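2 protein chains.
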Amino acid sequence: MAIHVREFHDTNKEKIAELIEWLSSFGKTTNEGVTRLLYSKAWCEAQSALKNKMKAIGLDAYFDCVGNLFGRLQGTDEDNAVILTGSHIDTVIDGGKYDGAYGIVASLLAVSRLYASYGKPKKTIEVVSFCEEEGSRFPLTFWGSRNITGMYDIGHTRGLVDANGVPFMDAMKEAGFETEKYIQPIRSDIARFIEVHIEQGMVLERNQNAVGIVTHIVGQRRYNIRIKGESNHAGTTPMNLRRDAVVTASKLISFLTKKAESIDSQLVATVGRIEAQPNVPNVVAGEVEFSLDIRHHKQHVLDEYCMSVFSYFEEVAKSNDLIIDWKQWMNVEPVAMDAMMHSKIKTLAEQKQISFQDIVSGAGHDAQVFASTLPTNLIFVPSKGGISHNPQEFTSSEDLEVGVKLLTDILYQLAYE
Amino acid sequence: MAIHVREFHDTNKEKIAELIEWLSSFGKTTNEGVTRLLYSKAWCEAQSALKNKMKAIGLDAYFDCVGNLFGRLQGTDEDNAVILTGSHIDTVIDGGKYDGAYGIVASLLAVSRLYASYGKPKKTIEVVSFCEEEGSRFPLTFWGSRNITGMYDIGHTRGLVDANGVPFMDAMKEAGFETEKYIQPIRSDIARFIEVHIEQGMVLERNQNAVGIVTHIVGQRRYNIRIKGESNHAGTTPMNLRRDAVVTASKLISFLTKKAESIDSQLVATVGRIEAQPNVPNVVAGEVEFSLDIRHHKQHVLDEYCMSVFSYFEEVAKSNDLIIDWKQWMNVEPVAMDAMMHSKIKTLAEQKQISFQDIVSGAGHDAQVFASTLPTNLIFVPSKGGISHNPQEFTSSEDLEVGVKLLTDILYQLAYE
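Chains as they are written, first to last, in the UniProt record's numbering: chain A, 1 to 417; chain B, 1 to 417.
Be careful, since some hints might not be right.
Unchecked claim - A few chain B residues that don't get close to chain A, going by computed Cβ distances all over 10 Å: (1) 18; (2) 325; (3) 327; (4) 358; (5) 361; (6) 388; (7) 413; (8) 417.
Said to hold, decoys possible - Below are the DSSO-like pairs computed for lysine-lysine, each with C-alpha atoms no more than 27 Å apart in a straight line: (9) B:228 <-> B:327; (10) B:318 <-> A:384; (11) B:259 <-> A:259; (12) B:298 <-> A:258; (13) B:251 <-> A:258; (14) A:251 <-> B:259; (15) A:344 <-> A:298; (16) B:327 <-> A:327; (17) A:251 <-> B:318; (18) A:259 <-> B:258; (19) B:120 <-> B:352; (20) A:258 <-> B:258.
As the list claims (entries may be wrong) - Coverage of chain B stretches by chain A, computed from C-beta distances (three or more under 8 Å per stretch; other residues unrestricted): (21) 198-205; (22) 222-234; (23) 238-248; (24) 272-284.
It should be emphasised that the hints constitute simulated quantities derived from the structure, not laboratory data. Computed from a predicted model, the values in this text were never measured in an experiment. We put the CB at the ideal spot given by N, CA and C, even for glycine.
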């Protein structure tokens with residue numbers, strides 16, 4: 001055992017990058033990306049290898065009944081409160097090496113260093129590798145953290161199938177987690193959750209900051225907008241007799257973009273998907289459907305934005321004799337990170353002369369699931385060019401190491417002091 | 001023979017509608033549309049049945065080597081100049097009963113009535129059923145009229161395959177037109193061409209006019225526009241750091257639409273097709289491609305419009321740090337119909353108290369192919385709701401009959417007087 005502990009008791013900054021490489025070998029794609037979908041072979045191998053690593057550094061490693069993997073370092077205090085730290089093992093299809101993986105190996109490395117240097121902590125620490133966060137195999141996100149927090153149970157997977165028609169429960173059984181034995185793996189012993197993650201944006205890089213200390217995770221509202229105009233011959237229909245769904249969509253998209261820019265600099269609104277019907281060059285499009293993804297960390301800003309956008313949509317529908325309707329299919333409320341710990345993390349960063357800034361997370365993270373029920377914090381390291389969900393995803397060893405060091409200090413303060 | 005002539009010598013307004021129904025039986029689809037693709041079984045049956053009809057009314061019926069079907073009524077004059085009248089037999093997939101078909105049966109009916117009433121004409125008249133105009137089986141339009149006018153030969157079909165991978169030449173052979181025997185079926189004996197067609201637009205219906213006398217057929221320019229921005233995370237990329245291809249496309253589409261409306265009321269510009277990449281709700285689109293179809297009957301208006309639109313595109317590309325490029329893949333020049341005959345047709349319409357108007361054809365027609373080489377005229381009857389290329393395509397018997405009557409009078413004036 002001691003040998004293994006030594007293996008990890010190494011402040012060489014390359015170590016974290018090596019662990020990232022090692023973990024990326026499970027599910028590596030031909031173009032150096034990673035595909036590690038929930039309950040797949042690559043996923044099973046990665047979780048099993050992580051379990052061995054956990055054991056190797058002296059943690060008690062165990063799975064819960066949905067496949068969340070925990071590595072427990074028992075504290076000496078009598079209370080059973082657990083400090084949970086980690087991230088998710090699953091990836092998007094052909095994603096990068098860092099998303100999720102970094103948070104797991106950073107936590108492992110921090111805990112192994114603490115254990116090697118200071119022995120057992122006062123408070124129990126558990127490193128977690130959540131089974132699922134992305135929703136990239138089945139249309140269900142945060143399957144791991146929502147089980148632990150009691151928000152989801154097996155009933156939520158009923159009827160879900162993957163792209164190959166494999167039912168969720170069959171995939172789960174295949175991976176060794178018998179659905180018949182499912183008991184909601186809710187954890188009431190978790191006192192707080194700390195996650196480190198790559199930013200997946202370009203704010204830290206632009207500001208040349210090593211670390212972003214997250215204040216809030218945005219709320220997200222997603223809609224499908226459908227415009228029903230009239231399909232016509234592109235040559236024989238004068239411009240003034242058209243009810244062109246593409247032209248109307250362009251008008252709405254221009255409006256909602258300008259409105260997002262003007263209402264608050266931290267609001268983002270995205271039309272990522274657009275489909276026209278019949279979608280041929282010589283026919284005026286009779287129908288367009290597009291997605292609208294809106295994010296901000298304050299509910300009232302989201303409300304104000306939605307109200308002004310949708311009242312404009314109504315106005316356009318009326319004045320252009322078209323039908324415009326919208327259906328909301330996602331509504332995630334914004335959450336705040338733990339303010340007390342946030343300020344302590346700042347102090348730690350200052351002491352260690354780490355350049356940092358407050359940041360709002362525009363992406364969803366397991367931290368947001370925990371934040372609604374217990375004190376939670378999230379720390380970002382820079383993403384090169386803001387690229388994520390892509391084999392090009394990259395963070396330098398130096399930047400990765402800064403995150404691990406800060407996490408180590410935080411865990412020391414929380415569990416050892 | 002006399003019996004057949006009597007069969008057609010019938011001014012009952014239902015007659016033309018009956019012929020339309022009869023012709024639509026070749027290639028009828030389950031939802032009452034028509035699919036009669038070049039050289040298909042339905043196409044062969046329709047042309048063969050039309051050949052029999054031609055013979056039945058006393059015409060000399062024959063095919064040329066690409067499948068254009070002619071029904072010749074020899075004139076008594078010594079010169080060999082031919083007045084050609086008719087339209088195309090092919091349809092789009094699940095198209096209507098009237099597009100093309102109306103022009104053929106109207107010509108047949110007009111000639112049969114003239115023959116029955118007045119016997120042989122001075123000038124030779126030929127009714128034509130062009131083999132192909134739509135380009136809906138192979139990516140090639142006006143295959144019939146462009147062979148007759150010498151613009152296309154068999155070389156233009158090299159490499160062309162249909163949606164099932166069938167080569168053009170194999171389909172042609174299969175229909176009985178041996179490509180080895182191909183000699184360009186150019187016709188130097190045609191003195192003029194007259195076509196009647198449904199409007200495929202809603203101008204006549206709106207103006208409550210029975211007939212549109214076409215002054216010009218528009219020029220058409222078609223482009224693919226490609227915007228290359230940057231694909232980013234929809235949550236983590238602030239609005240001001242985005243190079244969003246969908247937002248840029250919306251801006252361009254709004255501009256080009258407003259510009260089309262302002263530059264000339266007869267200019268039409270259509271973005272019928274739009275495709276975003278990667279086209280998912282939570283990713284800022286890095287790339288958009290859209291089609292641009294521009295039509296007007298004056299070259300200088302097309303030039304002016306294109307110049308102003310593309311210089312705006314350049315400006316936007318520069319100021320938004322994106323790549324915008326465009327590729328032209330169609331350039332059809334506008335053509336004028338024969339002015340002398342146009343004014344004679346107006347006089348005839350006035351004499352017969354037919355409500356009429358000048359109209360520009362926004363759609364392409366066989367008439368445009370002929371108009372560049374010989375005096376050509378085109379007459380429209382109304383399309384209900386402007387609907388075309390659709391099983392719902394409809395023109396009332398009364399409106400169809402008005403077109404036949406006017407065509408009969410025109411042919412009388414041209415061939416009998």
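Given the proposed pairing of residue 251 (chain A) with residue 318 (chain B), does the C-alpha separation stay at or below 27 Å? Given pair residue 251 (chain A), residue 318 (chain B) holds - Cα atoms ~22 Å apart, limit 27 Å.
8 Å C-beta test of the stretch 272-284 of chain B against chain A, three or more residues: holds (count 12)
Against the 27 Å threshold, does the CA-CA distance of residue 298 (chain B) and residue 258 (chain A) hold or violate the hint? Given that 27 Å is the threshold and the Cα spacing comes to 37 Å, the pair is violated.
Taking only the CA atoms, is the gap from residue 259 (chain B) to residue 259 (chain A) under or equal to 27 Å? Holds, because 24 Å separates the two Cα atoms, which is no more than 27 Å.
Chain A versus residue 327 (chain B) - minimum CB to CB distance exceeding 10 Å, so not interface: Answer for residue 327 (chain B): holds, closest chain A Cβ roughly 12 Å.
Taking the closest pair, is the beta carbon of residue 413 (chain B) still more than 10 Å from chain A? Given a closest Cβ separation of 28 Å, the condition holds.
Whether residue 417 (chain B) stays farther than 10 Å from all C-beta atoms of chain A, as the label says: holds, 33 Å
Within 27 Å, alpha carbon to alpha carbon, are residue 228 (chain B) and residue 327 (chain B)? holds, 14 Å
Using a Cβ cutoff of 8 Å, are there at least 3 residues of the stretch 198-205 of chain B near chain A, or does the coverage claim fail? Coverage by chain A holds here, the residue count being 5 at a Cβ distance below 8 Å.
Holds or violated: residue 251 (chain B) with residue 258 (chain A), Cα cutoff 27 Å? It holds: about 11 Å lies between the C-alpha atoms, which stays within 27 Å.
Between residue 258 (chain A) and residue 258 (chain B), does the CA-CA distance stay at or below 27 Å? Holds, because 19 Å separates the two Cα atoms, which is no more than 27 Å.
Are at least 3 residues of the stretch 238-248 of chain B within less than 8 Å of chain A when you compare beta carbons? holds (count 7)
In this structure, the hints that do not hold are numbers 5, 6, 12 and 16, in rising order.
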